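Student: Same order as they appear, the protein sequences are chains H and S.
This note's numbering puts the first residue of the first sequence at 8, with every later residue one more than the last.
This note's numbering puts the first residue of the second sequence at 8, with every later residue one more than the last.
Since the hints were made in silico from the structure, they are not lab data.
Please read all numbers here as calculations on a predicted model, not as lab measurements.
Simulated coverage check for chain S against chain H, where a stretch passes if three residues somewhere in it have a Cβ under 8 Å from a Cβ of chain H:
(1) 27-35
(2) 41-53
(3) 58-71
In this text, a Cβ means the ideal position worked out from N, Cα and C, and glycines have one as well.
Number of protein chains: 2
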Amino acid sequence: MIFSVAVEVRPLEGIANPEGLTIERALPALGFTGVRGVRVGKLLRFELDAVDEHHARREVEQMCEHLLANPVIERADIHLEAVGGTQ
Amino acid sequence: MIFSVAVEVRPLEGIANPEGLTIERALPALGFTGVRGVRVGKLLRFELDAVDEHHARREVEQMCEHLLANPVIERADIHLEAVGGTQ
Numbered sequence: 008m009i010f011s012v013a014v015e016v017r018p019l020e021g022i023a024n025p026e027g028l029t030i031e032r033a034l035p036a037l038g039f040t041g042v043r044g045v046r047v048g049k050l051l052r053f054e055l056d057a058v059d060e061h062h063a064r065r066e067v068e069q070m071c072e073h074l075l076a077n078p079v080i081e082r083a084d085i086h087l088e089a090v091g092g093t094q
Numbered sequence: 008m009i010f011s012v013a014v015e016v017r018p019l020e021g022i023a024n025p026e027g028l029t030i031e032r033a034l035p036a037l038g039f040t041g042v043r044g045v046r047v048g049k050l051l052r053f054e055l056d057a058v059d060e061h062h063a064r065r066e067v068e069q070m071c072e073h074l075l076a077n078p079v080i081e082r083a084d085i086h087l088e089a090v091g092g093t094q
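For reference, chain H alone in the conformation it holds in the complex (with noise of 0.2 Å):
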């Protein structure tokens, strides 16, 4: 089955975010004023070829694990959706 699948690789609780402090730094200058707590992090999206969702979740949960993040300052979140029959 292919799937469609999104990983939110984000900065953990605690660890500095500084891409996100420049932003919400530089957006009261630009009149935009109630926006706190600006944290960025990477939205990876990719399909992948798997037996099942059991499966992809598993290899997807190693490719973070090997490559897709850092598990000392990042955390990553997995979605999976089934988007059709193996080609």
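Once you have looked at the hints, place chain S on chain H.
Tutor: Below, chain S without anything else, positioned relative to chain H:
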């Protein structure tokens, strides 16, 4: 009202995404086959104080136009969720 906001900023179709391409090329060497079409974007999360959802969405759209996304090469998708009253 306080809104929990998530903004996904991702490259438009047809725009090169070197980070995604690098990941896609690295995965087979780590034993992960069956992955294709890797695209890497940003996911911004923050809290916004606004009168109602209509105003909140309009404000976030303007933030995207002015700071968060480059409309020439990126699209921004906005997700809003009310999480509490005005502080």
